[in-house]
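Engineer: Residue numbers (the numbering used here), protein chains in the order written: chain A, 3 to 433; chain B, 96 to 215.
Hint data in this document are derived by calculation from the structure and do not stem from the laboratory.
All the pointers check out, no bait thrown in.
Label-pair ranges, simulated between beta-carbon atoms: (1) A/A191 / B/D173: 34 to 44 angstroms; (2) A/N396 / B/G175: 27 to 37 angstroms; (3) A/R69 / B/T210: 50 to 60 angstroms; (4) A/D101 / B/I150: 50 to 60 angstroms; (5) A/D32 / B/R139: 49 to 59 angstroms; (6) A/N396 / B/F105: 28 to 38 angstroms; (7) B/A168 / A/N396: 32 to 42 angstroms; (8) B/D173 / A/R325: 53 to 63 angstroms; (9) B/A168 / A/Q125: 45 to 55 angstroms; (10) A/D103 / B/F105: 27 to 37 angstroms; (11) A/R69 / B/L126: 39 to 49 angstroms; (12) A/T91 / B/L174: 25 to 35 angstroms; (13) B/D173 / A/R55: 39 to 49 angstroms; (14) A/E366 / B/D173: 53 to 63 angstroms.
Idealized CB from N, CA, C, for every residue including glycine.
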Amino acid sequence: MNRRTFLLGGTSALAALSLGVSGTTAQTSDAPVNIVIAGAGAAGLSLASRLRRRMSKARITIVDAKREHYFQPGFTLIMAGLWQPDDVTESNADFMPRDVDWVEEAVAEFDPESNSITTSGGQRLGYDYLFVTTGLNLDYAAIEGMETSLIGQEGIASVYAGPEAAAASSRAMDRFLEAGGTGLFGRPATEIKCAGAPLKMTFITEDRARRQGRRENVELVYNAHNDTVFAIPPVNDKVETLFAERGVKVNHGHVLKALEPGSRQAVYETADGEVTMDYDFIHVVPPMRAPDPVRNSPLPWQEGPLAADGWIEAERETLRHPRYPNVFALGDVAGVPRGKTAASVKWQVPVVADNFVAETRGEEPVAAYNGYTSCPMVTAYGTAMLIEFDYEGNLIQSFPFIEPLEERWVSWLIEEKGLKGAYLAMLRGRA
Amino acid sequence: MSEFDPLSLFAILYESFGVWFWPAVILACLLLVSIIASVVLIRRKDLAFGRPVLIALAVGATTTFIATLLAPAWTHADLGALGSIVDVVAAVALALVPGAAAAALAFLLVAVISTGRRRL
Ligand SMILES: Cc1cc2nc3c(=O)[nH]c(=O)nc-3n(C[C@H](O)[C@H](O)[C@H](O)COP(=O)(O)OP(=O)(O)OC[C@H]3O[C@@H](n4cnc5c(N)ncnc54)[C@H](O)[C@@H]3O)c2cc1C
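Sequences and hints are given; from them, build the entire structure.
Structural biologist: Next comes the structure, spelled out in structure tokens:
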């Protein structure tokens with residue numbers, strides 16, 4: 003037992019409150035329904051745990067080929083050089099609820115017309131209800147010249163590709179700070195998970211350079227995909243102010259199109275045509291889309307802004323598919339505005355579980371998801387802004403004493419020490 | 096906060112402490128039982144509470160102070176990160192955990208030593 007463990011108690015309490023720990027009096031249902039959950043990530047495991055406890059006669063099958071489970075918010079702390087890949091790596095088996103069948107294959111095909119899915123191994127599974135929680139696909143291939151094997155080499159970093167890639171990115175960042183030069187940051191034009199992460203990595207690189215006394219040696223440029231760096235206006239203004247104070251140059255309307263790793267050049271699409279920029283370091287954030295089996299199915303939006311990348315059509319308050327009412331989409335794959343964070347999952351899962359249990363009891367489902375999402379926006383080693391907002395872009399304050407737009411150590415404390423315990427408890431359907 | 100649920104908090108603490116959860120609970124319980132036992136002992140022996148309480152307060156306050164200064168480092172930050180009252184209050188609140196443990200231990204030790212001396 004050390005002081006670290008001892009102090010965790012207090013931090014966990016804060017994290018619990020920041021995730022909005024809620025105590026609903028959980029109803030149960032005896033309905034003998036056949037449930038399939040596609041994807042054993044944050045949303046899939048959390049939902050399976052909740053439904054298992056509340057629906058003793060339901061048959062629950064979870065389909066996912068992946069055995070490791072990553073605490074993805076920790077990737078940013080790996081790239082910051084503070085955590086190791088081991089700190090974010092868990093095993094899915096440890097969080098799989100008892101009496102849930104785990105088919106260790108991917109879903110290859112969704113066929114909502116026949117209420118069935120087909121796995122990569124060719125198994126056909128029928129269902130009464132389908133919950134799609136496959137997360138999203140990182141489309142690095144959409145950037146010409148880019149592939150994940152380049153991460154950590156030729157000045158290329160990317161925090162999104164996994165814990166080892168985040169660690170390789172950290173080493174690439176250190177080499178860049180030592181050698182000096184130009185560092186490029188940015189984000190794609192698609193929806194992305196944790197939209198704060200590209201900004202966090204910019205702040206961290208800048209702060210690390212300053213702390214090492216090498217700030218003068220590096221020029222940092224943030225290439226925003228549109229005319230803002232963050233979709234919520236007050237947050238955008240604050241981040242742009244901080245960037246200006248810290249000498250981070252911002253270009254708007256720049257979308258990364260191609261990389262030439264050998265000559266260290268990046269090609270951006272802009273309103274005025276293609277622009278080529280030299281770099282010594284680049285943090286690549288890939289376009290993100292629904293996984294192919296989802297995109298190739300009838301489940302995605304057929305029109306509107308969420309159709310192109312295959313996000314699943316879902317009513318924004320209930321996450322129910324409007325065309326296939328026995329299908330729900332939760333987590334990153336859900337075609338709703340904003341919510342691609344673990345914090346959104348935390349709020350989505352109880353709503354869907356409550357409504358589903360109520361419905362199978364023959365009652366009116368009344369729970370509604372308001373689009374809550376949150377992101378502790380790290381602004382330096384030791385400070386963050388606890389940004390929380392809803393569908394309408396209204397800033398929400400879980401703690402009246404933590405101003406969302408102020409850089410605070412207490413918000414950093416939540417990110418660095420509190421969130422992982424809260425996340426793991428969420429996987430068990432306990433938070 | 097109206098929906099605050101102690102079961103969720105328990106689950107989060109459990110996950111955060113990992114394998115240290117039950118040892119921490121047992122240690123806290125042992126400390127509590129020993130304090131109650133020493134209070135009973137002091138009463139039985141008709142000794143004054145002043146000395147053990149004062150020493151416990153001094154040790155607790157010192158530990159809390161030191162732990163407050165160390166709290167940012169525990170999160171890979173430096174002391175300068177405590178930039179607002181809220182940050183300082185959070186650091187003190189965290190530091191109160193080891194502070195209280197140290198105070199309890201000090202109380203226990205002084206009580207045991209005092210009652211032992213009296214027996215002699
Ligand atoms: C760098 C980074 C920083 C982040 N920071 C934060 C943060 O600070 N705060 C926050 O709240 N969130 C953060 N997030 C986002 C958060 O981790 C995700 O939003 C969350 O994990 C989404 O949960 P999910 O269940 O939808 O997807 P995931 O957790 O990604 O799980 C998807 C699962 O589906 C499986 N799957 C995929 N395709 C198939 C298929 N065809 N068949 C079956 N299974 C399939 C996958 O194997 C995976 O297990 C961050 C993410 C990253 C990458």
